[in-house]
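Protein chains: 2
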Amino acid sequence: MAKSKKASASKSAKMVYYFGQTKTEGKGKAKALLGGKGLNLAEMTSIGLPVPPGFTITTEVCDGYYKNGEKLPAGLMDEIQKAVVTLEEELDKKFGDDDNPLLVSVRSGAAVSMPGMMNTILNLGLNDVSTEGLAKATKNERFAYDAYRRLINMYGDVVKGLAHHDFEVAFDKVKKKYKVTEDTEVPAEGLKELCEAYKAVYKKGTGEDFPQDPVFQLQLAVEAVFGSWNADRAISYRRIESAKGNTEIGNLIGTAVNVQAMVYGNMGDDSGTGVGFTRDPNTGQNKFYGEFLINAQGEDVVAGIRTPSPVSEMGKWDKAAHKELMEIKKTLETHYKEMQDIEFTIEKGKLFMLQTRTGKRNGIAAVKIACDMVKEGLITEKDAVLRVPASDLTHCLLPSFKPTARNAADVLCRGLNASPGAAVGKLAFTAHDARERFELGENVILVRRETSPEDVEGMSAAVGILTSTGGATSHAAVVARGWGKCCVAGASDVEINEKAKTIVVNGRKFTAKDTISLDGTTGEVMAGEVETQEPKLSGDFAKLMVWADKYRTMGIRTNADSPADAKRARAFGAEGIGLCRTEHMFFEADRIIHIRAMILADAEDDRRAALKKLLPFQRKDFEGIFKAMAGCPVTVRLLDPPLHEFLPHEAAAQKEMAAELGVKPAEIKKRSEALHESNPMLGHRGCRLSVTYPEILEMQVQAIVEASINCAKKKIDAQPEIMIPLVGTAAELRILREKVEETIAKTVAAKKFEGKLNILIGTMIEIPRACLTANEVAEYADFFSFGTNDLTQMTFGYSRDDVGGFLPDYIEHKIVPVDPFQSLDQTGVGQLVDMGVAKGRSVKGKLKVGICGEHGGDPASIDFCNRAGLDYVSCSPFRVPIARLAAAQAALSQK
Amino acid sequence: MAKSKKASASKSAKMVYYFGQTKTEGKGKAKALLGGKGLNLAEMTSIGLPVPPGFTITTEVCDGYYKNGEKLPAGLMDEIQKAVVTLEEELDKKFGDDDNPLLVSVRSGAAVSMPGMMNTILNLGLNDVSTEGLAKATKNERFAYDAYRRLINMYGDVVKGLAHHDFEVAFDKVKKKYKVTEDTEVPAEGLKELCEAYKAVYKKGTGEDFPQDPVFQLQLAVEAVFGSWNADRAISYRRIESAKGNTEIGNLIGTAVNVQAMVYGNMGDDSGTGVGFTRDPNTGQNKFYGEFLINAQGEDVVAGIRTPSPVSEMGKWDKAAHKELMEIKKTLETHYKEMQDIEFTIEKGKLFMLQTRTGKRNGIAAVKIACDMVKEGLITEKDAVLRVPASDLTHCLLPSFKPTARNAADVLCRGLNASPGAAVGKLAFTAHDARERFELGENVILVRRETSPEDVEGMSAAVGILTSTGGATSHAAVVARGWGKCCVAGASDVEINEKAKTIVVNGRKFTAKDTISLDGTTGEVMAGEVETQEPKLSGDFAKLMVWADKYRTMGIRTNADSPADAKRARAFGAEGIGLCRTEHMFFEADRIIHIRAMILADAEDDRRAALKKLLPFQRKDFEGIFKAMAGCPVTVRLLDPPLHEFLPHEAAAQKEMAAELGVKPAEIKKRSEALHESNPMLGHRGCRLSVTYPEILEMQVQAIVEASINCAKKKIDAQPEIMIPLVGTAAELRILREKVEETIAKTVAAKKFEGKLNILIGTMIEIPRACLTANEVAEYADFFSFGTNDLTQMTFGYSRDDVGGFLPDYIEHKIVPVDPFQSLDQTGVGQLVDMGVAKGRSVKGKLKVGICGEHGGDPASIDFCNRAGLDYVSCSPFRVPIARLAAAQAALSQK
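Protein sequence lines, in the order shown, are assigned to chains A and B.
Taking the numbering used here, the leading residue of the first sequence gets 8, the next gets one more, and so forth.
Taking the numbering used here, the leading residue of the second sequence gets 8, the next gets one more, and so forth.
Calculated directly from the structure, the hints in this document are not laboratory data.
These figures come from a predicted structure and were not determined experimentally.
Hints may contain errors.
If chains are identical, the list can't say which one is meant, so a pair holds when it fits in one copy or spans any two.
[Claimed, not checked] Restricting the straight-line Cα-Cα distance to at most 20 Å, the calculated cross-link-like pairs of lysine-lysine (PhoX-like) are: (1) K821 to K746; (2) K74 to K746; (3) K184 to K206; (4) K357 to K330; (5) K143 to K101; (6) K326 to K355; (7) K21 to K74; (8) K210 to K199; (9) K206 to K167; (10) K557 to K382.
Kindly generate the complete structure, drawing on both the sequences and the hints.
Quick look at the structure:
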């Protein structure tokens, strides 16, 4: 019986992994299992770095905790007990000892770093008895009671959810009694009294005594860490990250818990604590970038309460520790071949590594670090291409201030250059306010003393963030950098009055109605609106683009409707236009009147007469675009929107239009009403217009052909591709292709053109039925271009104009992992794309296939497109570099 | 060289098939090749029936004619020449002979009968010389010139498109000259003059002399028949038939041409012509049903110009011929095992069969004939089931007049009972008028002297058809019967004044504003509206239904929202409710106020309070439906439409609602505007409502559960199935299923119910993505029900409310073969259904799957559903018998 019981127990997964001198069980295990922090503690231990020993409780346990109705799984506490015993033996300390007690920290650590989101408890193991033991062992009573009061406070806050305020009131009372202002000035006696006062706060708030059993403390702490996994702010952070395309974060099953022997940076002036990056996360410079505080615990640095000193000055204080840290930087980068984000503590002159992880950086730094590491021989070109998150290239493409405008700017003060970029907006004083005004279309800058996880929604909504306290590793700085959002932190000259909604900077007052400009690259805060400029695309950026182009296999085109857009996209590296919408061309003042006249016409002849007036405009547009894209294909989509979009709906505008056209307003109203549709998205638009009004198609094709002929005469290599939108049946394309071919022939004949025109005729695949019958449709198509915007609308049954009513709820409830209009739904819509490609190519092996929905600029979607075998993606000009890099990453990672 | 040429010639398909004593080349060939008429002429010849010899030009030649730019294919005229020679030899007559000339008829004949649609030419071969020859041979100059003038008239009309009117004017002149009123009274001399006059009309109209070469006449006639294949009226007929689900007609490649030696029913009083059915096509009675005219050509009967005598009286005139005809009836039915529609001619006492084909009949007759033929041992039960067109069962389900109302009715006159049923409507005098008023929602009865193919659109729009001339086989009668539309023909007491838009019946005048009632079963025309009643479903109908139920494998459910509908459907044989829409229940006056209050509420509590008031109504509704469907499953769909559908949009109605609810009208306007959606079809509706407002789902589920408990207490076997609509992701169903389960448990606990409730929870599959991810969705579904209305909308990208703008054009251009909302698009939407079934069952082998879109009552769609492996179809109560039969046919034909 005993044997079979044991066998069945051994079957269940190991829940606790030890790391230390005794053994390092977690080395080489999966990050998904141990979390990033846990795995890295094991790794660092295994490569000989000074890491306080401890153990990691797996993410599977967290998953089990939730599946088990928020209860710890059976057997967990036994495994923890065993690990604690090993720890006690290794350190020769005992939990709750009255002589030399073992103290531990308890920290969360998921597989993906979530800064500031998860709860941490320090000094666990202290109770009334062991605090005395700690005082004895450290010969420092003040330190011991300071640690104890911190534990009670943190424990009350994190495990029991008590208000921090009550503890502060108690602390203030003690400080008053001892007539001091700083925490550090309170004597040991005062801290002893404070511990009693804190225990009273704890009892008052919870109805229980502060737990004295260290193992019970540990159990509740582990539960609290697990509990924090589903706290609102954690869910909110994951949601925002997911929405930005971070699919990894959506797949997390929970957090691990790291229990680690405490070391103390607050044991006196020979102790300290710091955090840092092995390279500069803003610029990418290969220079340790960090901050430290003397006689402090690590949380003090991150929380931004005291302003720390840069690590570059650490040598002045402790040369040996600084030297060791610089050696560790090298060891870590050689081991991980990546820039690291570390936490360290110096306890009485001895350096301990508490954490390492891949360092977050903005796109500019990411590009530089990748290029530098190739130069340094640490990584290969391919690694470099794979390493820079494609979306982060936006940072390289961020605007900066115009030097002339900068020189003339009214600089109010300077803070820390926490996250680069240039931001101009009006002041918002709360996250809520920032969110609301953002939704009303306003550009706002969120101004906070310091930010906290509760602020992330508002930070996400703001164009820039300004804080008056906190350093370059404060919450505001870390989060803003992750998002590539401009941030100036610790601008201590900025006095914030949240209630009055004003800031005062060196005597000058600004309200919510005032605009300021932030330079995240220099840290300057300027009054008023300073003019911005576009970024330069040279140096490392250009090098990375060259590598990307070397390894990618898909072409990159752009969606552009004007010569200006076409030129811009070409500068960004676009190899053609994948979508040139023709309807935008009709909205200009000198054109809209003709299209309206056409819509009002009852007879085909009148429509043709109106269209004839549009022809020269269209021809000129196309000629300009063909010229800007000379030598590259230009996919022109024929008129797509329903006709009523061109008519005014308001009475006043109808009256105006009537006057212009010389008809009665009633006539316009009548026509507008006749064209009204219940669901215009599914109405009379796209190729359906060409079936009922072939004369529109004829005019557009004539314009394309005449523009091509004009180009040919000027030796400009125009490569038009005529795209027929919204095809759902092969018959539509057959009929319209015939009409296009006829019109081409007719126009060529009329122009007596004898050169060669190479015009392709294809279709936009955006209706589910077109995917399902792609083998039939392909018979009449020279190319397919997936219009995944509409395809997503129809596959999900979501009107993009109306999803506001439920999609936020859907994302929150994880009904959809991300907004399917931002990142292509590979599970559903992706099947239709795969089907469209496979069926299309089943009849035309070399059918050219691309994508021109907005997904064409989304890295995750580009990865999918590469897998689906698409020939190219097309995206907005600004996203072309991102697409180039994402395409290279897809090609390399899918090899 | 000569050899290889011959070989290559023999490779091309045979174009002409001979039938006669010499040889019968077409026996056993495909109907698709020879057309129905051509094949049957060959068949009749082969079983020894007296058929004038001739030959058939294949449908492939017609197809080739169109593919060849409307030119006859090379070699055709050679083949025709050879067949003509064989014919001349067999009959010992010669084309164009001055002694005993060969004369032929030229008739169209597609594989599917298209009554009155195609052109016919008689007496071909006559010219100035051979007419004299015919006069000699028949010793009847009057007859010969009468034949010649008919040829010139018909030829001018059909081949050259000359106006019939010009010929009539010439005829009237001759009649005036000879002072006669009837055609038959004109003497030979007059007819001779008439031929000259007709030739002059011909020359004036065409600029050419009437052709004298019989072979050339033949060639032009063949081309004319081919040309008529794509005449507007033929296209229109095929379109209407296609739209009604006749897929066979959509697959036709063209018409065959039958050239056959002429026989004459107008050679004097010992000659005659007739048409008839081997059984009564109205009642199905096993009694020859036909009409004949003495001394007339066949076209005279069909055209309805002279009123013929019933065949039952034929024995009085020619006993032998009548007896022979009755024997032929038997031979034909034994050979074809089907009721036949025949044409015959008696030439100087000798009977000739000119045509046989399967006889059209209405549903009532179809059922009786099928049942009788089983009794007679001609066919099996399975044959009987397969033979009755499922859609035609509507005829058995047609309303009749209430006997009491009938007895009291104001009978104006009696015509022929041309097509059974009861019709009540206002008078329409032109097809166009009928169509227009139909589209405005009016019930109209089309009143015409006689109908012609040009009238079919109006006939289709009318609820009934009344003609003042023409018999039971006139155009109006044949077409109306085919459609199961009530028709009274040849009501000679009705004087029609088309211009004044009045009829006068025995001195009483009726205008377009007056309502009349038609009894198609008795032929009576009644003034005013006579009350109608539902049909009885017993006798042969019941027998056929028993057979259908024996052979079908799919279940048949109904879409019903009320106990009354449920009862009706059950009487029609429904085995459950496949779709019970709950929103209709909210629109009643005493309920709408509560749902409106709910919509206006800002807070969940207020919504719950309003919903609480709706609960008793819903519970009562469900209880009634469960009771009516006791022992059968009832699929209840949770609230589906967007909330704004429940709010009034007009200012006046909003004001009224505000008064009722005690709020400001502005509040209602604001809410209504906030709920407005650009594309409500793709908006906040279906399960999306339950995700954002779970309290609505909770109220509905609570009502279902309480109703079930109440039923259980009354020993009523309620079998609710809760259907969650518009699911596009598995997560939606997972979350909502949990909520439904919770609510069930909560309600059962609150009611302290200890019995067993068997409630299934499933989903409506109506979003393409649900099909694509059906394997995920099925994890949380006890059943799937395909909502093919919405699935069609999204798969095609067609808004059903807006297709009017282009779908008619699409059907006309054959871009879609039929309206995809009427008959399921098997090519596209069908793939998604197949995928949904296969993927769903891949994770749940026995997943119950049905369909509840309107396609569930369409025979072609039911055939598809059976192939797709669905467990049941659900349709409107009235279509349940049709679905039962169609399901049996699908099961039998797919075996």
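Status of each hint after checking the structure:
When the C-alpha separation of K821 and K746 is checked against a cutoff of 20 Å, the pair qualifies only between copies, where the shortest distance is 16 Å, while the shortest distance within a copy is 47 Å. When the C-alpha separation of K74 and K746 is checked against a cutoff of 20 Å, the pair qualifies only between copies, where the shortest distance is 18 Å, while the shortest distance within a copy is 62 Å. For the identical chains of this complex, K184 and K206 are intra-copy neighbours only, at 18 Å inside a copy versus 132 Å across copies, given an alpha-carbon limit of 20 Å. Taking CA atoms no more than 20 Å apart as the test, K357 paired with K330 passes inside one copy only; the shortest distance there is 12 Å, against 126 Å between copies.
Only within a single protomer do K143 and K101 lie at most 20 Å apart by alpha-carbon distance; the minimum there is 14 Å, versus 137 Å between protomers. For a Cα distance limit of 20 Å, the shortest separation of K326 from K355 inside one copy, 13 Å, qualifies, whereas the shortest one across copies, 133 Å, does not. In this assembly of identical chains, K21 and K74 lie within 20 Å of each other by CA distance solely inside one copy; the values are 17 Å within and 76 Å between copies. In this assembly of identical chains, K210 and K199 lie within 20 Å of each other by CA distance solely inside one copy; the values are 17 Å within and 128 Å between copies.
Proximity of K206 to K167 under the C-alpha cut-off of 20 Å is restricted to the intra-copy arrangement: shortest distance 13 Å within a copy versus 112 Å between copies. Within a single copy, K557 and K382 get their C-alpha atoms as close as 18 Å, which meets the 20 Å cut-off; across copies the closest is 81 Å, which misses it.
Every hint, counting from the list given before, is met by this structure.
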